[in-house]
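Residue numbers (the working numbering), protein chains in the order written: chain Z, 21 to 272; chain W, 21 to 272.
Don't read these hints as lab results, they were simulated from the structure. Warning: the hint list may mix true and false statements.
[To be verified] Which residues of chain W face chain Z? A few of them, derived with a C-beta cut under 7 Å, are:
{"no.": "1", "residue": "65"}
{"no.": "2", "residue": "66"}
{"no.": "3", "residue": "69"}
{"no.": "4", "residue": "117"}
{"no.": "5", "residue": "148"}
{"no.": "6", "residue": "155"}
{"no.": "7", "residue": "178"}
{"no.": "8", "residue": "190"}
{"no.": "9", "residue": "270"}
{"no.": "10", "residue": "272"}
[Claimed, not checked] Pairs of lysine to aspartate or glutamate, DMTMM-like flavour, derived with a Cα cap of 20 Å:
{"no.": "11", "chain 1": "Z", "residue 1": "217", "chain 2": "W", "residue 2": "216"}
{"no.": "12", "chain 1": "Z", "residue 1": "120", "chain 2": "Z", "residue 2": "230"}
{"no.": "13", "chain 1": "W", "residue 1": "170", "chain 2": "Z", "residue 2": "255"}
{"no.": "14", "chain 1": "Z", "residue 1": "63", "chain 2": "W", "residue 2": "255"}
{"no.": "15", "chain 1": "Z", "residue 1": "170", "chain 2": "W", "residue 2": "255"}
{"no.": "16", "chain 1": "Z", "residue 1": "170", "chain 2": "W", "residue 2": "138"}
{"no.": "17", "chain 1": "W", "residue 1": "170", "chain 2": "Z", "residue 2": "75"}
{"no.": "18", "chain 1": "W", "residue 1": "271", "chain 2": "Z", "residue 2": "255"}
{"no.": "19", "chain 1": "W", "residue 1": "220", "chain 2": "Z", "residue 2": "216"}
{"no.": "20", "chain 1": "Z", "residue 1": "170", "chain 2": "W", "residue 2": "105"}
{"no.": "21", "chain 1": "Z", "residue 1": "170", "chain 2": "W", "residue 2": "216"}
{"no.": "22", "chain 1": "Z", "residue 1": "271", "chain 2": "W", "residue 2": "105"}
{"no.": "23", "chain 1": "W", "residue 1": "170", "chain 2": "Z", "residue 2": "207"}
{"no.": "24", "chain 1": "Z", "residue 1": "220", "chain 2": "W", "residue 2": "216"}
{"no.": "25", "chain 1": "W", "residue 1": "63", "chain 2": "Z", "residue 2": "23"}
{"no.": "26", "chain 1": "W", "residue 1": "170", "chain 2": "Z", "residue 2": "45"}
{"no.": "27", "chain 1": "Z", "residue 1": "42", "chain 2": "Z", "residue 2": "89"}
{"no.": "28", "chain 1": "Z", "residue 1": "271", "chain 2": "W", "residue 2": "230"}
{"no.": "29", "chain 1": "W", "residue 1": "217", "chain 2": "Z", "residue 2": "216"}
{"no.": "30", "chain 1": "W", "residue 1": "271", "chain 2": "Z", "residue 2": "216"}
Heads up, the beta-carbon is just placed ideally off N, CA and C, and yes, glycines get one too.
One-letter residues, chain by chain:
2 protein chains.
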Amino acid sequence: MKEIQSNKNPLIKTLKKLHQKKYRDQQNQYLLEGFHLVEEAHKSGAEIQIILVSERGQKEWGNFLTDYESICYLVSESILKELSDQPTPQGIIAVVAKDKRQQQLKKGAWILLDRVQDPGNVGTIIRTADAAGYDGVILGDGSADIYSTKVLRSMQGSNFHLPVITMNLVVAIHELKKMAVPIYGTELNKAAKQFDKVPKTNAAILVGNEGQGVSKELLALTDQNLYIPIFGQAESLNVGVAAGILLYYFKV
Amino acid sequence: MKEIQSNKNPLIKTLKKLHQKKYRDQQNQYLLEGFHLVEEAHKSGAEIQIILVSERGQKEWGNFLTDYESICYLVSESILKELSDQPTPQGIIAVVAKDKRQQQLKKGAWILLDRVQDPGNVGTIIRTADAAGYDGVILGDGSADIYSTKVLRSMQGSNFHLPVITMNLVVAIHELKKMAVPIYGTELNKAAKQFDKVPKTNAAILVGNEGQGVSKELLALTDQNLYIPIFGQAESLNVGVAAGILLYYFKV
Numbered sequence: 021m022k023e024i025q026s027n028k029n030p031l032i033k034t035l036k037k038l039h040q041k042k043y044r045d046q047q048n049q050y051l052l053e054g055f056h057l058v059e060e061a062h063k064s065g066a067e068i069q070i071i072l073v074s075e076r077g078q079k080e081w082g083n084f085l086t087d088y089e090s091i092c093y094l095v096s097e098s099i100l101k102e103l104s105d106q107p108t109p110q111g112i113i114a115v116v117a118k119d120k121r122q123q124q125l126k127k128g129a130w131i132l133l134d135r136v137q138d139p140g141n142v143g144t145i146i147r148t149a150d151a152a153g154y155d156g157v158i159l160g161d162g163s164a165d166i167y168s169t170k171v172l173r174s175m176q177g178s179n180f181h182l183p184v185i186t187m188n189l190v191v192a193i194h195e196l197k198k199m200a201v202p203i204y205g206t207e208l209n210k211a212a213k214q215f216d217k218v219p220k221t222n223a224a225i226l227v228g229n230e231g232q233g234v235s236k237e238l239l240a241l242t243d244q245n246l247y248i249p250i251f252g253q254a255e256s257l258n259v260g261v262a263a264g265i266l267l268y269y270f271k272v
Numbered sequence: 021m022k023e024i025q026s027n028k029n030p031l032i033k034t035l036k037k038l039h040q041k042k043y044r045d046q047q048n049q050y051l052l053e054g055f056h057l058v059e060e061a062h063k064s065g066a067e068i069q070i071i072l073v074s075e076r077g078q079k080e081w082g083n084f085l086t087d088y089e090s091i092c093y094l095v096s097e098s099i100l101k102e103l104s105d106q107p108t109p110q111g112i113i114a115v116v117a118k119d120k121r122q123q124q125l126k127k128g129a130w131i132l133l134d135r136v137q138d139p140g141n142v143g144t145i146i147r148t149a150d151a152a153g154y155d156g157v158i159l160g161d162g163s164a165d166i167y168s169t170k171v172l173r174s175m176q177g178s179n180f181h182l183p184v185i186t187m188n189l190v191v192a193i194h195e196l197k198k199m200a201v202p203i204y205g206t207e208l209n210k211a212a213k214q215f216d217k218v219p220k221t222n223a224a225i226l227v228g229n230e231g232q233g234v235s236k237e238l239l240a241l242t243d244q245n246l247y248i249p250i251f252g253q254a255e256s257l258n259v260g261v262a263a264g265i266l267l268y269y270f271k272v
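Chain Z on its own, in the form it takes in the complex (with noise of 0.2 Å):
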């Protein structure tokens, strides 16, 4: 195996930089940290263009390793360090390309997130809807990275198993009409239906922002909005929490 033991390779200097949107943006690609969403990325099929491991990694993975032996480097301890944004760093960080296949929309079950910010949120979304078994995740503009490393921890993979699109959510919506799936909206809103009187179907679900939640533009377009009723004294729900009461409701 190649070995690379200076922080200052230029490799190391390059793939550094995938820590800003800008140069995943231009390189089509990501990193990828831990063993377990690695082999979520193999296991899918995923383009992985370069793997960087500790010798304890070597040793722990090594049958997995060998598929990948002309692209994988043995670096030290400090050099992962150095790629991870975790106090502890995993033994095994990979180059992962962004997945280039054109995903289409079709009938079924969608979650739609105007503006999400939080990569937590945004990741602990697309890890529900994986697990309530939607059909996708539609990322509306302004919402968080779904390659940033945050959201791709609180993923735990999942963008491995259901298609993520980014698209513009009125265009969105238009689509969805047209295929005639309900489109549900989410507001703080009294005046909004009671979420658990509407029948339960394959829907879209249309969740917003932390601070200002979904935009009125959108929650204009929707067939339904809906509401969780808040019984105590606080003022609103996590984003995560609320989509996870909602997407279990319409699928259990």
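Place chain W on chain Z using the hints.
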């Protein structure tokens, strides 16, 4: 208003230690950042011991601050930045005494946390329990400290709205059983009962550690263990989302 301009001021140096649990426990006090949270502390009657405010904050919240004139310090942005764990400090940080009230368990709806370690998860679950109108939260040994800044931030003030009791969970389950509160554990095991097959009622819901779930010892003490079905390829749900689904299932 008194002023502190030097980051080396002994008070500032002492307060900075409150980022460590050890000092919070010793001093029975914690740091609370942001006007919204300080206002929630005020409304709930919490003992606010010191307020540090920037010049900008003093202008914005002058009315509120008149009640606290004698314990209020005008400080530089740089001091707030030193005490904050956020990239952009919020203009106000209070030192608040931990809640010393002896909270009692009572017959009602509860959520129990078994070694939930991620501060964001602990905070989100407490916020959801508040929203869903639960009677309180019981934190077992090994869960994240609710007075850490991350938990405080994700609770969004819900700790001022409902009792959060730290207690051994074996004892808590025993007490709740004596009051005839049904106790539902959660597990990632299809042999458990699918949650929506159980009648909706005020109950105690027991959720567990991010990696290991609820301990076997505790699962053996419940009335019933519940399972949230996984329809897709995700291995599990985020514990904050799972808690949200169950908290609302039993309430709506």
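Status of each hint after checking the structure:
{"no.": "1", "hint": "65", "verdict": "violated, 14 Å"}
{"no.": "2", "hint": "66", "verdict": "violated, 14 Å"}
{"no.": "3", "hint": "69", "verdict": "violated, 24 Å"}
{"no.": "4", "hint": "117", "verdict": "violated, 21 Å"}
{"no.": "5", "hint": "148", "verdict": "holds, 5 Å"}
{"no.": "6", "hint": "155", "verdict": "violated, 10 Å"}
{"no.": "7", "hint": "178", "verdict": "holds, 5 Å"}
{"no.": "8", "hint": "190", "verdict": "violated, 27 Å"}
{"no.": "9", "hint": "270", "verdict": "violated, 11 Å"}
{"no.": "10", "hint": "272", "verdict": "holds, 5 Å"}
{"no.": "11", "hint": "Z:217 with W:216", "verdict": "holds, 16 Å"}
{"no.": "12", "hint": "Z:120 with Z:230", "verdict": "violated, 29 Å"}
{"no.": "13", "hint": "W:170 with Z:255", "verdict": "holds, 18 Å"}
{"no.": "14", "hint": "Z:63 with W:255", "verdict": "holds, 15 Å"}
{"no.": "15", "hint": "Z:170 with W:255", "verdict": "holds, 18 Å"}
{"no.": "16", "hint": "Z:170 with W:138", "verdict": "holds, 14 Å"}
{"no.": "17", "hint": "W:170 with Z:75", "verdict": "violated, 34 Å"}
{"no.": "18", "hint": "W:271 with Z:255", "verdict": "holds, 17 Å"}
{"no.": "19", "hint": "W:220 with Z:216", "verdict": "holds, 13 Å"}
{"no.": "20", "hint": "Z:170 with W:105", "verdict": "holds, 18 Å"}
{"no.": "21", "hint": "Z:170 with W:216", "verdict": "violated, 32 Å"}
{"no.": "22", "hint": "Z:271 with W:105", "verdict": "violated, 39 Å"}
{"no.": "23", "hint": "W:170 with Z:207", "verdict": "violated, 26 Å"}
{"no.": "24", "hint": "Z:220 with W:216", "verdict": "holds, 13 Å"}
{"no.": "25", "hint": "W:63 with Z:23", "verdict": "violated, 60 Å"}
{"no.": "26", "hint": "W:170 with Z:45", "verdict": "violated, 31 Å"}
{"no.": "27", "hint": "Z:42 with Z:89", "verdict": "violated, 29 Å"}
{"no.": "28", "hint": "Z:271 with W:230", "verdict": "violated, 24 Å"}
{"no.": "29", "hint": "W:217 with Z:216", "verdict": "holds, 16 Å"}
{"no.": "30", "hint": "W:271 with Z:216", "verdict": "holds, 11 Å"}
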